[in-house]
Amino acid sequence: MKILQLLLAIGFALASMAASAKTLEVTVSDIRSDKGSILVMAKAVDGQEQPVYGMAAAKTGKVAVTLEGIDAETAEVSLFHDEDGDYKMKMGERGPAEGYATQKCRLAAERNTVTMKLCYPSETNE
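The sequence shown stops at residue 500 when you use the working numbering, and every number in between is there.
Keep in mind that the hints were calculated from the coordinates and are not lab data.
Hints are all accurate, no fakes.
In silico DSBU-like links for lysine-lysine, alpha-carbon gap of 35 Å or less:
(1) K491 <-> K417
(2) K417 <-> K464
(3) K478 <-> K433
(4) K436 <-> K464
(5) K409 <-> K462
(6) K436 <-> K409
(7) K478 <-> K462
(8) K436 <-> K417
(9) K436 <-> K491
(10) K478 <-> K464
Derived DEER-like restraints, expressed as beta-carbon distance ranges:
(11) A431 <-> T487: 18 to 24 Å
(12) D420 <-> E467: 34 to 40 Å
(13) D460 <-> S394: 32 to 38 Å
(14) K491 <-> S394: 28 to 34 Å
(15) A395 <-> D458: 32 to 38 Å
(16) E467 <-> K436: 27 to 33 Å
(17) K464 <-> T487: 24 to 30 Å
(18) A483 <-> D460: 31 to 37 Å
(19) G435 <-> K464: 19 to 25 Å
(20) A483 <-> G459: 30 to 36 Å
Positions of the beta carbon are idealized from the N, C-alpha and C atoms, including for glycine.
Required output: the full structure, derived from the provided sequences and hints.
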C-alpha cells in the first residue's frame, strides 16, 4: 500500500512539473532578407539551467518561432538572423554584423507571445 502511495505521489509530482513548463511564441519582425535562418534562444532567469532553442527559415518581413518547455516565470530571449548559415553570429570590428535582438520576457501564462524587432548594425560594422 505504501509503495502505491509513493508511486502516486511521484506521478503527481512529475505531472505538476510538466504542467509548469511554458510555451513562448516569438514573432520576429523587420527581417531584411530571405537568406539563412532566424535562431532563437530563451534562458530562464530563474528556474531551469538549460536554454530552450528554436529556429525558422528567414523570410523578408516577419516569422514566428515557438519555444516549448520553458520552466520559469521570466526568460531572457536572444535571437539573431544567421544570414550566412554558419550558426554563429558574425562579428565586425565594432560588434555584431548580423541582425539581432534581446528582451526579457515575463511568462505569466501557460502560452505566451512576444514580438521582437531585429536590429541590423550599420554597414560600417562589417
